[in-house]
Structures are given as structure tokens and as C-alpha cells.
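The listed protein sequences derive, respectively, from chains A and B. Per the working numbering, the first sequence starts with residue 1, numbered consecutively. Per the working numbering, the second sequence starts with residue 1, numbered consecutively.
Treat the hints loosely; a few may be bogus.
A partial selection of chain A residues facing chain B, derived with a Cβ cut-off under 7 Å [said to hold, decoys possible]:
{"no.": "1", "residue": "Gln-5"}
{"no.": "2", "residue": "Asp-72"}
{"no.": "3", "residue": "Asp-84"}
{"no.": "4", "residue": "Ser-86"}
{"no.": "5", "residue": "Asp-88"}
{"no.": "6", "residue": "Thr-92"}
{"no.": "7", "residue": "Tyr-94"}
{"no.": "8", "residue": "Val-102"}
{"no.": "9", "residue": "Val-106"}
Dumping the calculated BS3-like pairs for lysine-lysine here, alpha-carbon to alpha-carbon at most 27 Å [unchecked claim]:
{"no.": "10", "chain 1": "A", "residue 1": "Lys-61", "chain 2": "A", "residue 2": "Lys-108"}
{"no.": "11", "chain 1": "B", "residue 1": "Lys-2", "chain 2": "A", "residue 2": "Lys-109"}
{"no.": "12", "chain 1": "A", "residue 1": "Lys-61", "chain 2": "B", "residue 2": "Lys-46"}
{"no.": "13", "chain 1": "B", "residue 1": "Lys-245", "chain 2": "A", "residue 2": "Lys-12"}
{"no.": "14", "chain 1": "A", "residue 1": "Lys-14", "chain 2": "B", "residue 2": "Lys-2"}
{"no.": "15", "chain 1": "B", "residue 1": "Lys-2", "chain 2": "B", "residue 2": "Lys-187"}
{"no.": "16", "chain 1": "B", "residue 1": "Lys-245", "chain 2": "A", "residue 2": "Lys-108"}
{"no.": "17", "chain 1": "A", "residue 1": "Lys-212", "chain 2": "A", "residue 2": "Lys-61"}
{"no.": "18", "chain 1": "B", "residue 1": "Lys-2", "chain 2": "B", "residue 2": "Lys-13"}
{"no.": "19", "chain 1": "B", "residue 1": "Lys-13", "chain 2": "A", "residue 2": "Lys-133"}
{"no.": "20", "chain 1": "B", "residue 1": "Lys-19", "chain 2": "A", "residue 2": "Lys-133"}
{"no.": "21", "chain 1": "A", "residue 1": "Lys-109", "chain 2": "B", "residue 2": "Lys-46"}
{"no.": "22", "chain 1": "A", "residue 1": "Lys-154", "chain 2": "B", "residue 2": "Lys-13"}
{"no.": "23", "chain 1": "A", "residue 1": "Lys-108", "chain 2": "B", "residue 2": "Lys-2"}
{"no.": "24", "chain 1": "A", "residue 1": "Lys-227", "chain 2": "A", "residue 2": "Lys-212"}
{"no.": "25", "chain 1": "A", "residue 1": "Lys-182", "chain 2": "A", "residue 2": "Lys-154"}
{"no.": "26", "chain 1": "B", "residue 1": "Lys-2", "chain 2": "A", "residue 2": "Lys-133"}
{"no.": "27", "chain 1": "A", "residue 1": "Lys-61", "chain 2": "A", "residue 2": "Lys-109"}
{"no.": "28", "chain 1": "B", "residue 1": "Lys-46", "chain 2": "B", "residue 2": "Lys-187"}
{"no.": "29", "chain 1": "A", "residue 1": "Lys-12", "chain 2": "A", "residue 2": "Lys-61"}
{"no.": "30", "chain 1": "A", "residue 1": "Lys-227", "chain 2": "A", "residue 2": "Lys-12"}
Quick caveat, the hints were computed from the structure, so don't treat them as lab data. Note that CB positions come from ideal geometry on N, CA and C, so glycine has one too.
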Amino acid sequence: MDIIQVNNLTKKFKDFTAVDQISFNVESGEIFAFLGPNGAGKSTTIKMLTTLLRQTAGEIKLNGYSPIEHPDEVRHSFGIVFQDPSLDDELTAYENMEFHGVLYSVPKKIRRERIEHLLNLVELWDRRDNLVKQFSGGMKRRLEIARGLLHHPKILFLDEPTLGLDPQTRNHMWNYLRELNKLEGITIFFTTHYMEEAEKIAQRIAVIDHGKIIAIGTSQELKDKTKTNSLEDAFLSLTGKVIREEEINSTDRLRQMHRMHHKRLGH
Amino acid sequence: MKIIYILWLRQLKRYSRSKSRIIGSLGQPLLFLISLGYGFGPVFQKAGQGNYIQFLAPGIIGMSIIFTAIFSGMEIIWDRQFGFLKETLVAPTSRLNIMIGRTLGGATVASIQGLIVLLISVAAGFRPVNIMLLPVAFMVMIVIALLFTALGTAIASLLDDMQGFQLIMNFLVMPLFFLSGALFPLKGLPMAIDLAAKIDPLTYGIDALRSLLIGYSNFNLMTDLGILAIATLVFLLSGSYFFSKIQI
Chain A
1 MDIIQVNNLT KKFKDFTAVD QISFNVESGE IFAFLGPNGA GKSTTIKMLT TLLRQTAGEI
61 KLNGYSPIEH PDEVRHSFGI VFQDPSLDDE LTAYENMEFH GVLYSVPKKI RRERIEHLLN
121 LVELWDRRDN LVKQFSGGMK RRLEIARGLL HHPKILFLDE PTLGLDPQTR NHMWNYLREL
181 NKLEGITIFF TTHYMEEAEK IAQRIAVIDH GKIIAIGTSQ ELKDKTKTNS LEDAFLSLTG
241 KVIREEEINS TDRLRQMHRM HHKRLGH
Chain B
1 MKIIYILWLR QLKRYSRSKS RIIGSLGQPL LFLISLGYGF GPVFQKAGQG NYIQFLAPGI
61 IGMSIIFTAI FSGMEIIWDR QFGFLKETLV APTSRLNIMI GRTLGGATVA SIQGLIVLLI
121 SVAAGFRPVN IMLLPVAFMV MIVIALLFTA LGTAIASLLD DMQGFQLIMN FLVMPLFFLS
181 GALFPLKGLP MAIDLAAKID PLTYGIDALR SLLIGYSNFN LMTDLGILAI ATLVFLLSGS
241 YFFSKIQI
């Protein structure tokens, strides 16, 4: 069964087309990756799938619901780990989890049990009463994963989840996620521009560039299609070798400020 | 509603955990009170206007309230990208509830700051004329806090990054404060300043506080409360409207 169905999805910002008629499906229980350079339209697509942005044209069905017509049902169906941390730094790990539970109307008793279970899963239970601002980037990411799963969603979205993390943390993270995928059948949809990650973790990959999906398939299929030996070469062959010129936007400026204040980002 | 409560609680926890910020934000009101109060005191007295500390204290209380309130509204800009706001926007709960929770929380924190500044003023020599009216004065502080938290929320919902924040602080909040009669009586002013003071909602808030705390006011207390209430309602409505339109 397809848990995500996207048909001719388009998003235009004034005269700029960020996402240009993309179509793809994700099967329930699949691990699916969106691979593409910066500015390709990955984050914009995720925002449309997660009710944060309205599409200009096209249809989305998530768990059978449309984000426009049934936003709350859609929101119950997914959890998300954003590219930039969305935790409250001045609250404890436990409080952040509790908050999420209340926002998603998880009943108190179940909430408490799940918080304990999930914090143990990501090995943060003994840090539950520490303020998040004392956490390293990797710990924050783990907490966000635990938090995103609190309401037992069918899908977990991760936007560049391992950006800035060291290999051990990355490895740990994907281990939890793969466990969850195997045991609970949770669908995992992530975006990345790390080739080895896409190759190792994802079952199917969609290569996106300039707002268009250039190719979809398993890592092997993409290599066969481009007659290359590594996903990286396949990717370069599909998207070209030119460096992308990008204009700094307000998000990047805020990120710079954040980096200045939070020196531990990326540990 | 549990959600409003937990958002309110969050603002309070954040406030009570940042001890250095609390003490820091009390520094400025204290500085103004001591330096202006005792500095201009003799001049004020000589001009036949009485005790300046008495006159000034309600203004300084107002100052701490509006700066704290606007700031907590403006936190939204930061929260939008790096925090918590994204988490709340993606959750299956109405934006109105989120806005109400945040605004009530921010206003509570600003009111508590106002109360602390009141205590500091008393330590510096301020004497409210009627203790029985203190609870009413506190109610007025809460309304002022709500007004400016909602204003901060409305503005922050329209801005994209922190650069606008500086502009707003210098060209909106400072003028609102300085032209509100917090620091000087509103009598015999040049027409332009008089007009500015009259359209500044804070003027009525400070005037109401003066009326209740020292028994002196420029306008009628009822006028003050009426205008304050209307202004607060307008900003609460526009705050929720703009908040609901936020796109990340």
C-alpha cells in the first residue's frame, strides 16, 4: 500500500518554481530517500507533505489524507526531525517530550510509558532532567527522533538528519531507525546529500534537482541506468558537475547567528 | 485547555530558569529610576511638580513591562527557525490555542517583571498612596503586558529574520516608551509630541497606573482603561491573525 502519493506537485514562489510537477509514491514500511543538491526542492517538498506549505498545484495523499483538506489527520500520521533543531533549549529532555505528548493529545499514562521507552531507545533516559541546551548536536538529534515517534506515527520524516554529526552518532542513529522500521513497519522518508548514506540506508531513492525528479529507483537501478559504479557517479551524471550558485537567504543568516551562539553545534 | 496551559507553563519555566536574564533586565529600570529619579528630582521639585520618584516610578514599571512583553513576542522570530515554533506548527492543534498560550505566558512574565520593579521602586523611595488599589494596579499591569505581548507577536509574525528586530526596537518600541509620558508630565507640550503621546496606547496605561498608585493623572481613569482595553483587543486580534498566517 502506498502511504505517500504525490502527483504533479508544483510550488511556485512569485516567479521562481521551486518544485516542478513531481510525482512519486512511497510504500508503507519503506525507507525512501530524496537525494539532491542544495536548492533542489527537497525541503520545499517536505514542507508541502507536512502541512507547512500549500502547493501551487498537484495532489498529495499522506496515509490516505490530503494535507489541505485534513491537516490534523495528516499531522497525526507523521513525525518529523527538521534540519535545524526545533527543541526548546531551556527545557529538559523530559519536558520537551512531555510537551510533544500534550500537543498530540497522547493520554498521560501512555505518554509517560512511551517517553521512558523512547528515551531509553535513544540512550538519553539518564539525561532526561538535563536542559537541552547542554546537549551536543548528536544528542539533540536523538532526542528529536525520540520526540517525533512519541505519538506513534506511521511515517517519520527526516530533513538532512545527519548533517554535522560524527560517524559514530550517525551510525547509532540509523541503527535505531532501521530497528524501528523492521519492528514496527514505520515508513522512513529522509532527504540528504550524502551519497553513502542514501546508498546504505535507503531502499529506493529519488534524485531531485532544480525542482524536478530526475530518476527514481533502487541504488542499483540508478547505477545501471547511468552505467556507473557508485551512487556518487550516478548522481553526478544525472545532475551535472556545475557548482550551484546560491544566494544567502534569511534562513542561512539565522543559521550563522545560531552557530555563533551555540558553538557545540555539530558535535 | 491543556495545550494553552502547557504553552503558558513553558514561558514561565523559561523565565524562571534564566536567572541572569532576570537580573539583567531589572538593571535598566533600576538605573533609570535612580539616575533620573534622583537626578531630575530637584529640578522637578523646583518646577512645582512635586516628588519625581513618585511621578517616575509608574513610568519605569511600565517600561519594564513593555520591554519584556515585546521581547517575548519577538522570540517568535528565533523560534521560527530554531525552535519550538516549527514543532507547534506541525502539530495537530489550532494556531489560535498556540497563540493564546504564548501570549498569556509572555504577558504573565512581563507582569511579574512589573511587580518586581514595583518592589524595587518601593526600596528606592516610592510610596503608593493607597495600598488597597494595588491589586487593581496589578490588573492594569497585566493588561499593558497583554497589549504589548500581542503587539510583539503581531510584528514578529510578519518579520523573517532578526534584522527587522533592531529596527522595530529603535523606531517603534523606544518611541512608544519615550513619548508615553513615562518620564515627563504631558502638560504644555509642543503639539507634535502631544499628538504622538495621545495616539500611543502606553500613555493610557502609564496614566492609569499613576492614577492608581499616586492619585495623579492626566486623563480620566475611565478613559485610560477604556482606551487600553480597546487597544489590547485590537492587538490581540491582529496578533492572532498574523500568527495564523505564518509560513515557515
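### Task
Given the hint that Lys-245 of chain B pairs with Lys-12 of chain A, test it: the Cα-Cα distance must not exceed 27 Å.
holds, 18 Å
### Query
Is the interface hint for Gln-5 of chain A satisfied, with its Cβ closer than 7 Å to some Cβ of chain B?
violated, 20 Å
### Query
Holds or violated: Lys-46 of chain B with Lys-187 of chain B, Cα cutoff 27 Å?
It holds: about 16 Å lies between the C-alpha atoms, which stays within 27 Å.
### Message
So if I understand the rule, the pair passes when the alpha-carbon distance is 27 Å or less; does Lys-2 of chain B with Lys-187 of chain B pass?
### Response
violated, 48 Å
### Task
Verify the proposed pairing of Lys-245 of chain B with Lys-108 of chain A, using a straight-line Cα cut of 27 Å.
Between Lys-245 of chain B and Lys-108 of chain A the Cα gap is close to 31 Å, so the pair fails against 27 Å, i.e. violated.
### Message
Given the hinted pair Lys-154 of chain A and Lys-13 of chain B, is their Cα-Cα distance within 27 Å?
### Response
Violated: Lys-154 of chain A and Lys-13 of chain B sit about 32 Å apart, past 27 Å.
### Task
For the pair we were handed, Lys-108 of chain A and Lys-2 of chain B, check the Cα-Cα distance against 27 Å.
Holds, because 11 Å separates the two Cα atoms, which is no more than 27 Å.
### Message
Does the closest beta carbon of chain B sit nearer than 7 Å to the beta carbon of Asp-72 of chain A?
### Response
At about 4 Å, which falls below the 7 Å cut-off, the nearest Cβ of chain B leaves the hint on Asp-72 of chain A intact, so it holds.
### Query
Has the given pair, Lys-2 of chain B with Lys-13 of chain B, been kept, meaning a C-alpha gap of at most 27 Å?
holds, 16 Å
#### Entry: 27 Å Cα cutoff - pair Lys-182 of chain A, Lys-154 of chain A
It holds: about 13 Å lies between the C-alpha atoms, which stays within 27 Å.
### Task
Would you settle whether the hint for Tyr-94 of chain A is holds or violated, based on the nearest Cβ-Cβ distance to chain B being less than 7 Å?
violated, 12 Å
### Query
Under the criterion of a CB-CB separation shorter than 7 Å, is Val-102 of chain A in contact with chain B as hinted?
holds, 5 Å
Checked against the numbered hints above, the structure breaks hints 1, 6, 7, 9, 10, 12, 14, 15, 16, 21, 22, 27, 30 and satisfies the rest.
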